[in-house]
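Number of protein chains: 2
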Amino acid sequence: MSYRAPVEDIIATLRHVAGLDGLIAEGLAPELDGGLTDAVLEEAAKFAGDVIAPLNRVGDTHGSTLKDGVVTTPPGWKEAYKAWTEAGWNALPGPEIYGGQALPTLLQSACTEMWNSASLAFALGPLLTIGAIEAVHAHGSEHLKQTYLAKLVSGEWMGTMNLTEPQAGSDLNALRSRAERVGDGTYRITGQKIFITYGEHGMTENIIHLVLARLPDAPPGTRGISLFLVPKYLVNADGTLGAHNDLRCSGIEHKLGIHASPTCSMAYGDNGGAIGWLIGEENRGLACMFTMMNNARLNVALQGVAIAERAYQQALAFAGERRQGTALDAPKGSAMSPIIVHPDVRRMLMDMRAKTQAARAISYMVAAALDRSHRETDEARRKAASERAAILTPVAKAYATDIGIDVASTGVQIHGGMGFIEETGAAQHLRDARICTIYEGTNGIQAIDLVLRKLPLSGGNAVKALISEMRGVVGKVEGANTPGFGHSAARLKAAIDSLERATDWMLATMGARPGEALAGATPYLKLFALAQGGTGLARKALAMRAEENGAAAVATARFFAEHVVTEAPALELAVTEGAGAVEDADAVFAA
Amino acid sequence: MSYRAPVEDIIATLRHVAGLDGLIAEGLAPELDGGLTDAVLEEAAKFAGDVIAPLNRVGDTHGSTLKDGVVTTPPGWKEAYKAWTEAGWNALPGPEIYGGQALPTLLQSACTEMWNSASLAFALGPLLTIGAIEAVHAHGSEHLKQTYLAKLVSGEWMGTMNLTEPQAGSDLNALRSRAERVGDGTYRITGQKIFITYGEHGMTENIIHLVLARLPDAPPGTRGISLFLVPKYLVNADGTLGAHNDLRCSGIEHKLGIHASPTCSMAYGDNGGAIGWLIGEENRGLACMFTMMNNARLNVALQGVAIAERAYQQALAFAGERRQGTALDAPKGSAMSPIIVHPDVRRMLMDMRAKTQAARAISYMVAAALDRSHRETDEARRKAASERAAILTPVAKAYATDIGIDVASTGVQIHGGMGFIEETGAAQHLRDARICTIYEGTNGIQAIDLVLRKLPLSGGNAVKALISEMRGVVGKVEGANTPGFGHSAARLKAAIDSLERATDWMLATMGARPGEALAGATPYLKLFALAQGGTGLARKALAMRAEENGAAAVATARFFAEHVVTEAPALELAVTEGAGAVEDADAVFAA
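Going down the list, the sequences are from chains Y and C.
When the letters of the first sequence are read in order and numbered with my numbering, they come out as residues 1 to 591.
When the letters of the second sequence are read in order and numbered with my numbering, they come out as residues 1 to 591.
Careful: at least some of the hints might be erroneous.
[Claimed, not checked] Using C-beta positions, here's what the derived DEER-type ranges look like:
1. Ala330/Y - Gly35/C: 39 to 45 angstroms
2. Pro514/Y - Ala317/C: 48 to 54 angstroms
3. Glu321/Y - Leu241/C: 39 to 45 angstroms
4. Ala330/Y - Gly511/C: 15 to 21 angstroms
5. Gly459/C - Ala330/Y: 26 to 32 angstroms
6. Asp238/Y - Ser2/C: 31 to 37 angstroms
7. Asn271/C - Gly202/Y: 51 to 57 angstroms
8. Lys78/C - Thr61/Y: 42 to 48 angstroms
9. Ser2/C - Ala512/Y: 40 to 46 angstroms
10. Leu452/C - Gly333/Y: 48 to 54 angstroms
[What the hints assert, rightly or not] Chain Y side only, calculated, beta carbon under 8 angstroms to chain C, not exhaustive:
11. Gly76
12. Pro343
13. Ile448
14. Thr576
[As the list claims (entries may be wrong)] Covered stretches of chain Y (in silico footprint by chain C; criterion: 3 or more residues with CB under 8 angstroms from a CB of chain C, positions within the stretch not fixed):
15. 296 to 305
16. 519 to 525
Hints are computed from structural coordinates only; laboratory data are not their basis.
Virtual Cβ for every residue (Gly too), placed ideally from N, Cα, C.
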């Protein structure tokens with residue numbers, strides 16, 4: 001099943017929801033002046049559709065395999081990666097002095113979506129490299145930067161993140177891997193890591209591992225964790241590769257999805273210790289890790305959008321071809337109609353489309369806020385943008401990945417019996433999507449992050465500013481005199497009212513009764529996403545309604561408001577009056 | 001991961017929701033008098049947990065394979081089936097004169113749930129045999145009954161249903177398989193069938209295929225379809241097996257889940273035609289098929305309940321063992337707590353539990369109504385029961401299978417990264433569950449069936465009677481003076497109000513504007529299920545609240561009311577004011 005990047009909606013979302021035009025007009029993205037955005041997106045779309053997308057199914061059926069310590073990626077994988085890096089795509093986000101293009105996150109994000117629609121398993125590797133680049137660039141010594149960054153930026157080498165250990169998943173307090181000071185500025189790393197994405201493979205000549213470990217005299221808990229750079233092959237002073245470091249892949253996982261992405265168990269220090277270099281300060285590894293993580297969460301959100309888009313395209317194509325039954329208004333004895341004429345199938349397709357575009361809207365808003373948080377010249381505006389990015393990141397990550405599963409599952413449903421057959425490809429999207437709600441912080445952790453750490457920013461005013469903007473959109477829908485919006489304004493208004501009341505309840509409750517607040521964290525996050533996504537789609541539709549495809553934008557916004565946003569009052573109740581039912585679980589689990 | 005049948009909740013649901021006690025008291029289930037129910041369920045629980053459940057993962061990893069026309073089922077499969085039939089479990093539903101026990105559907109259903117929790121792929125085969133027994137018993141000639149029923153009832157032979165062809169899935173109008181009259185009372189069948197569950201295997205000596213085909217002079221469409229019995233091996237007059245019939249398995253599918261259940265492509269008549277016998281009358285095959293189908297839909301509903309129960313048990317056990325983070329009220333420096341202490345994990349577990357039990361409640365209500373539809377002595381009461389079964393069957397099928405996927409997916413989420421690893425087993429439940437919303441009529445078709453064919457029964461009064469019963473339950477919750485119910489009464493009342501308004505809208509709309517009615521069919525069905533399931537759980541909780549585990553029943557009913565039923569008003573809006581947004585899809589799909 002082919003993939004054609006939805007360049008039109010991507011550009012419309014960048015412009016009308018994420019505010020690309022404003023960014024350029026304010027001089028905050030001078031490199032995008034003069035139509036570069038469209039040109040980059042068209043080229044990326046071509047590469048994603050023509051080169052990567054055809055490998056998605058191959059990657060799923062072959063998977064990556066481990067034999068005698070060697071990981072083999074699927075046929076065509078290495079060649080596609082080489083072509084992709086040679087075309088410069090890996091360098092899009094990298095700093096310019098190391099050969100990168102340092103393009104705005106907004107534009108990068110649109111491309112990230114495309115690579116992941118084409119193949120989640122393929123695009124995942126480079127996302128980890130970006131994280132490694134960011135950590136080394138922000139916290140690494142000059143020596144580390146000079147030795148590693150150019151190769152990582154070009155994609156000649158790939159990077160990994162080594163956090164998880166069997167006993168330490170979400171809770172890094174329990175980390176046990178150890179690092180010993182040698183005295184020459186290097187460290188010796190020992191320990192076992194699991195779930196290391198692209199931990200071993202032959203796609204690049206070297207792999208640069210970023211590894212969390214404890215020094216012998218480190219305090220317990222997360223304040224005693226340091227971050228180390230541990231290359232697969234040591235790098236000589238002249239940049240050539242030296243000896244193999246004391247590390248190996250001890251196993252790869254047999255997973256539900258993303259089969260082509262090797263998920264490795266890594267053993268460090270079988271023979272005395274892998275040689276590592278400290279990144280940042282001793283015992284401050286977690287701060288370095290967080291640098292990588294916020295961006296990574298946005299990228300996982302984009303994976304959710306990406307898989308939903310791919311599943312939608314496949315279901316739409318199938319529904320236009322597969323004939324079963326006849327249309328309600330067809331004359332008796334008519335031949336079978338394509339199933340897209342059936343109201344319930346249309347409803348499902350609209351549901352897929354609207355959720356995908358809403359998740360795209362929220363995710364691109366995060367990207368725009370990140371750009372402003374770096375590029376605004378005014379300190380207060382930088383801070384406001386940074387807080388906005390902080391608030392919307394968990395919302396985007398959790399909502400986009402939740403709907404990724406939801407939309408992919410509806411895609412299977414539209415295929416009927418064929419959807420359950422692996423050769424069709426619809427089921428792969430569901431299997432692949434299933435990881436996104438788990439990694440980079442489970443969606444439950446995103447909800448906790450939103451409620452406990454993000455809502456209180458600027459005393460709650462950062463959230464209130466977003467809510468106030470949402471109300472502005474509703475006002476414009478009300479005044480738009482566009483019948484196609486149907487009941488959108490009323491539904492959005494109800495959702496924003498619910499969000500505001502739930503926000504007030506959260507702000508009042510989290511300090512005194514955190515257990516109650518946390519019982520409602522997940523429904524609160526979803527409520528936030530519905531209001532944010534619904535107003536995002538409405539904003540895009542308002543801007544586009546006079547254009548050629550304006551009616552489609554209005555119809556999509558309307559569907560989301562009338563069929564999805566409607567859940568908002570129920571979510572408010574779950575937040576504000578639902579904690580008791582969660583607490584009563586004592587009676588159940590004690591039984 | 002082990003499975004222990006939830007005998008306690010099964011019995012409570014049978015008694016307090018499905019009305020088992022009343023059935024017995026009214027003399028309608030004399031065979032269950034004197035504690036037989038408990039004894040049967042305890043034995044079934046033992047067999048399901050000890051013998052079948054351990055095979056579930058083996059079945060998934062080995063799958064069934066096809067080589068040179070021979071299908072091999074996974075190791076242990078044949079032996080378990082033999083033990084299961086020898087213990088008499090296959091004969092539970094069969095007619096007594098053919099060696100069956102003819103136990104009430106209510107009791108059978110509880111057992112069916114258990115077999116399917118233990119292994120969906122295992123239990124699926126015997127479900128098809130039940131369908132074959134019903135069709136032959138209701139419509140077959142005396143010769144067919146004498147030749148086949150005893151062996152099918154004992155399980156010595158298995159049966160299949162052959163409906164689907166590549167061009168004819170949900171739409172049987174397009175069926176092409178042909179049957180020619182030979183003149184000796186037999187027919188020659190030719191054609192290709194796909195998606196035939198347990199179409200070929202070596203678990204039994206013979207396989208009895210029920211095949212839909214057209215006679216040469218048949219009218220087009222579904223009024224020209226006849227049903228034939230086509231055995232794999234012809235049966236001699238003395239009951240021994242004769243020649244292999246002209247049929248073969250031409251392929252088996254590579255599926256997302258239920259790997260152990262061979263899903264076969266069947267070729268009939270490669271060498272002139274398979275010998276078949278007509279079941280019922282010529283061109284009336286569809287009516288015979290419907291006999292099998294209603295019960296089959298209940299059984300698929302029970303599969304949804306079953307997989308949800310298994311996923312819940314696995315997630316609950318994991319959450320009690322896996323340690324990450326510390327409880328909110330734990331002293332600083334405490335060791336990690338089991339994740340079941342975290343409010344969001346508790347919320348997810350309660351969500352799984354409440355949805356599973358609500359789906360069980362609705363499904364068992366269907367079974368009870370089916371029993372009354374056969375066993376009531378009064379004609380009017382039989383009709384009322386039959387209409388109730390007709391209404392609740394699509395509700396149970398669609399809701400239970402939808403939550404089957406939902407609950408299994410939450411189970412994966414609770415496992416975190418481990419949930420994505422196949423060895424854990426959580427992912428298998430999600431993969432297995434995914435078929436249930438598709439086969440035996442997609443859930444979209446269930447919703448259409450509910451709205452177009454079931455709502456109008458007795459001029460809408462059959463539905464209204466159910467709604468009125470639901471109101472009675474709310475009255476009792478209001479008067480119960482049990483604080484543990486929290487806001488349950490208010491939430492249930494709101495849902496029933498929504499259901500009643502949506503029902504009136506549907507009854508008024510389906511004739512004049514069927515397209516609008518069908519656009520809301522799926523949300524309508526879900527709304528129905530929330531009100532029915534919510535009041536079902538409340539009824540059980542009311543009956544149990546003074547018992548030892550009463551608090552758990554009340555807490556579960558409360559969670560469902562406060563966190564799940566709350567969506568009802570949103571669903572009402574989708575039904576009564578959401579059709580426009582679906583119709584506007586024209587602007588989208590034409591673009």
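Tested hints:
1. Ala330/Y - Gly35/C: 39 to 45 angstroms: Given about 57 angstroms between the Cβ atoms, the range is violated.
2. Pro514/Y - Ala317/C: 48 to 54 angstroms: Distance hint for Pro514/Y, Ala317/C is violated at roughly 27 angstroms.
3. Glu321/Y - Leu241/C: 39 to 45 angstroms: holds (44 angstroms)
4. Ala330/Y - Gly511/C: 15 to 21 angstroms: The hinted range 15 to 21 angstroms holds for Ala330/Y and Gly511/C, with Cβ atoms some 18 angstroms apart.
5. Gly459/C - Ala330/Y: 26 to 32 angstroms: holds (29 angstroms)
6. Asp238/Y - Ser2/C: 31 to 37 angstroms: Once the Cβ atoms are compared, 59 angstroms apart, the range 31 to 37 angstroms for Ser2/C and Asp238/Y is violated.
7. Asn271/C - Gly202/Y: 51 to 57 angstroms: With a Cβ separation near 52 angstroms, Asn271/C and Gly202/Y satisfy 51 to 57 angstroms, so the hint holds.
8. Lys78/C - Thr61/Y: 42 to 48 angstroms: 30 angstroms Cβ-Cβ, so the 42 to 48 angstroms window is violated.
9. Ser2/C - Ala512/Y: 40 to 46 angstroms: Holds - the Cβ-Cβ distance for Ser2/C and Ala512/Y, about 42 angstroms, lies within 40 to 46 angstroms.
10. Leu452/C - Gly333/Y: 48 to 54 angstroms: Distance hint for Leu452/C, Gly333/Y is violated at roughly 20 angstroms.
11. Gly76: violated (21 angstroms)
12. Pro343: Check passed: Cβ of Pro343/Y comes within 4 angstroms of chain C, closer than 8 angstroms.
13. Ile448: holds (7 angstroms)
14. Thr576: violated (11 angstroms)
15. 296 to 305: violated (count 0)
16. 519 to 525: holds (count 4)
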